[in-house]
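These protein sequence lines map, in sequence, to chains A and B.
So in our numbering, the last one in the first sequence is 179, and the numbering has no gaps at all.
So in our numbering, the last one in the second sequence is 392, and the numbering has no gaps at all.
Calculated directly from the structure, the hints in this document are not laboratory data.
Honestly, I wouldn't trust all of these hints.
[Claimed, not checked] So the derived label-pair ranges between C-beta atoms look like this:
(1) A:98 / B:270: 20 to 28 Å
(2) B:360 / A:114: 52 to 60 Å
(3) B:222 / A:78: 34 to 42 Å
(4) B:210 / A:107: 42 to 50 Å
[To be verified] Quick list of in silico lysine-lysine cross-link-like pairs, DSS-like style, CA-CA up to 27 Å:
(5) A:60 / B:208
(6) B:274 / B:295
(7) A:83 / B:261
(8) A:37 / B:236
(9) B:261 / A:74
(10) B:340 / B:293
(11) B:236 / B:295
(12) B:383 / A:30
(13) B:274 / B:234
(14) A:74 / B:234
[As the list claims (entries may be wrong)] Where chain A lies over chain B, by a calculated footprint (3+ residues, C-beta under 8 Å):
(15) 279-285
(16) 289-297
(17) 360-373
These numbers were taken from a predicted model, which means no experiment stands behind them.
Just so it is clear, CB atoms sit at the ideal spot from N, CA and C, and this is done for glycine as well.
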Amino acid sequence: MNCYRFSELLSDYFENSLSIKDRKEADSHIKNCESCRALLSDVKGLVMASHDMKMVVCPANFDSRLKKRINEMSKRKKTDPSRPLMKFLKPVSAAAALLLLLSAAYISFDAYNPDLNPASRPAAAGTNEPAPDPVLQRKVLDLASQPLNADSTQKDDPAEPYKNRLQLVNEKK
Amino acid sequence: MKVEKKGAKYNDEELIRSFQEGNERAFYELVTRYKDKLYNFVFRFVGQEEIAEDIVQDTFVKLFTSADMYREIAKFSTWIYTIAANLAKTELRKRKRRKMFSLQDMGLDEKEYEIPSDSEDPGKELNSRFSQGEITAAMVKLPEQFRTVIILRDVQELSYEEISRIVNVPEGTVKSRINRGRQKLISILKGLE
Numbered sequence: 007m008n009c010y011r012f013s014e015l016l017s018d019y020f021e022n023s024l025s026i027k028d029r030k031e032a033d034s035h036i037k038n039c040e041s042c043r044a045l046l047s048d049v050k051g052l053v054m055a056s057h058d059m060k061m062v063v064c065p066a067n068f069d070s071r072l073k074k075r076i077n078e079m080s081k082r083k084k085t086d087p088s089r090p091l092m093k094f095l096k097p098v099s100a101a102a103a104l105l106l107l108l109s110a111a112y113i114s115f116d117a118y119n120p121d122l123n124p125a126s127r128p129a130a131a132g133t134n135e136p137a138p139d140p141v142l143q144r145k146v147l148d149l150a151s152q153p154l155n156a157d158s159t160q161k162d163d164p165a166e167p168y169k170n171r172l173q174l175v176n177e178k179k
Numbered sequence: 200m201k202v203e204k205k206g207a208k209y210n211d212e213e214l215i216r217s218f219q220e221g222n223e224r225a226f227y228e229l230v231t232r233y234k235d236k237l238y239n240f241v242f243r244f245v246g247q248e249e250i251a252e253d254i255v256q257d258t259f260v261k262l263f264t265s266a267d268m269y270r271e272i273a274k275f276s277t278w279i280y281t282i283a284a285n286l287a288k289t290e291l292r293k294r295k296r297r298k299m300f301s302l303q304d305m306g307l308d309e310k311e312y313e314i315p316s317d318s319e320d321p322g323k324e325l326n327s328r329f330s331q332g333e334i335t336a337a338m339v340k341l342p343e344q345f346r347t348v349i350i351l352r353d354v355q356e357l358s359y360e361e362i363s364r365i366v367n368v369p370e371g372t373v374k375s376r377i378n379r380g381r382q383k384l385i386s387i388l389k390g391l392e
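Assemble the whole structure, with the sequences as input and the hints as a guide.
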């Protein structure tokens with residue numbers, strides 16, 4: 007055991023809580039080490055002096071000051087007109103905030119994903135199924151009403167760029 | 200409700216439960232039991248009587264207003280020491296911040312600590328070469344983490360288990376801090392720090 011190790015175990019040594027093995031090694035170390043012996047003696051003296059320190063007590067008027075403070079605090083609470091209302095207000099406002107949050111979440115979900123929520127559309131007359139989406143219906147009707155001409159076909163045909171490439175490939179062959 | 204039953208006192212946990220049910224006498228019985236212990240602890244920690252008294256008053260006011268928060272998971276003594284320790288640490292931090300901005304020189308006249316007014320001769324050597332006054336002054340110079348555990352262990356004589364719960368660190372850490380704190384205290388007393 008060296009001095010560093012002994013200093014780590016010092017309090018346990020002093021309080022007699024070391025293992026038998028560590029105790030033997032510590033005993034052997036301090037027999038031969040004056041500085042560790044002195045340190046142990048200082049720690050013993052310090053701890054005993056701390057135990058013996060006279061307890062400082064509260065000033066004589068401590069109790070009366072505390073009672074006065076608590077009475078004033080209690081009076082302030084009783085005369086506070088908002089007190090009964092505040093007791094009621096906290097849980098109610100928490101519940102209202104939660105309801106608002108849930109409603110906002112539901113509305114935004116419905117606005118972004120109307121197709122996913124067919125229940126949000128009223129059922130078609132005479133059926134139990136939800137009515138077709140009016141926006142989608144409009145798109146279909148617009149497309150159907152457009153005349154078929156070469157220009158518009160060419161413009162709208164998504165395969166157009168690739169058709170030209172196919173032509174080129176065929177010509178090369 | 201009386202605070203003493205036939206031939207025996209109510210324990211702290213019974214008293215706090217009684218106070219939670221509305222018995223203010225139980226509260227004042229707890230004040231009587233703990234005010235001096237807490238004052239002794241806080242005074243050793245902050246080093247000034249007036250501030251120590253304010254902190255202990257605040258501790259009991261907090262107990263009065265927040266008694267509902269106590270649950271019998273921990274001992275009542277652990278709970279109230281924790282409140283007092285936290286208030287004392289907060290006060291120390293406030294003082295540190297004030298010092299940073301203070302234009303006043305911290306000369307020798309500026310006392311950081313007081314010798315307790317009702318103590319015996321502060322120069323009298325107790326069971327060692329160190330006087331009570333010297334030890335009190337040296338304790339205030341210890342870093343906060345050592346100071347708390349040293350006072351709780353060597354002055355208040357609490358168990359490692361209880362100290363561990365009050366400062367909210369493992370027992371091993373408490374023991375290590377006490378060991379290092381004692382050696383640091385000796386260095387301060389010898390004028391080496």
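The hints, checked one at a time:
{"no.": "1", "hint": "A:98 / B:270: 20 to 28 Å", "verdict": "holds, 27 Å"}
{"no.": "2", "hint": "B:360 / A:114: 52 to 60 Å", "verdict": "holds, 53 Å"}
{"no.": "3", "hint": "B:222 / A:78: 34 to 42 Å", "verdict": "violated, 21 Å"}
{"no.": "4", "hint": "B:210 / A:107: 42 to 50 Å", "verdict": "holds, 46 Å"}
{"no.": "5", "hint": "A:60 / B:208", "verdict": "holds, 26 Å"}
{"no.": "6", "hint": "B:274 / B:295", "verdict": "violated, 32 Å"}
{"no.": "7", "hint": "A:83 / B:261", "verdict": "holds, 15 Å"}
{"no.": "8", "hint": "A:37 / B:236", "verdict": "violated, 40 Å"}
{"no.": "9", "hint": "B:261 / A:74", "verdict": "holds, 15 Å"}
{"no.": "10", "hint": "B:340 / B:293", "verdict": "holds, 16 Å"}
{"no.": "11", "hint": "B:236 / B:295", "verdict": "holds, 26 Å"}
{"no.": "12", "hint": "B:383 / A:30", "verdict": "holds, 26 Å"}
{"no.": "13", "hint": "B:274 / B:234", "verdict": "holds, 17 Å"}
{"no.": "14", "hint": "A:74 / B:234", "verdict": "holds, 16 Å"}
{"no.": "15", "hint": "279-285", "verdict": "violated (count 0)"}
{"no.": "16", "hint": "289-297", "verdict": "violated (count 0)"}
{"no.": "17", "hint": "360-373", "verdict": "violated (count 0)"}
Comparing the model with each earlier hint shows violations of hints 3, 6, 8, 15, 16, 17; every other hint is respected.
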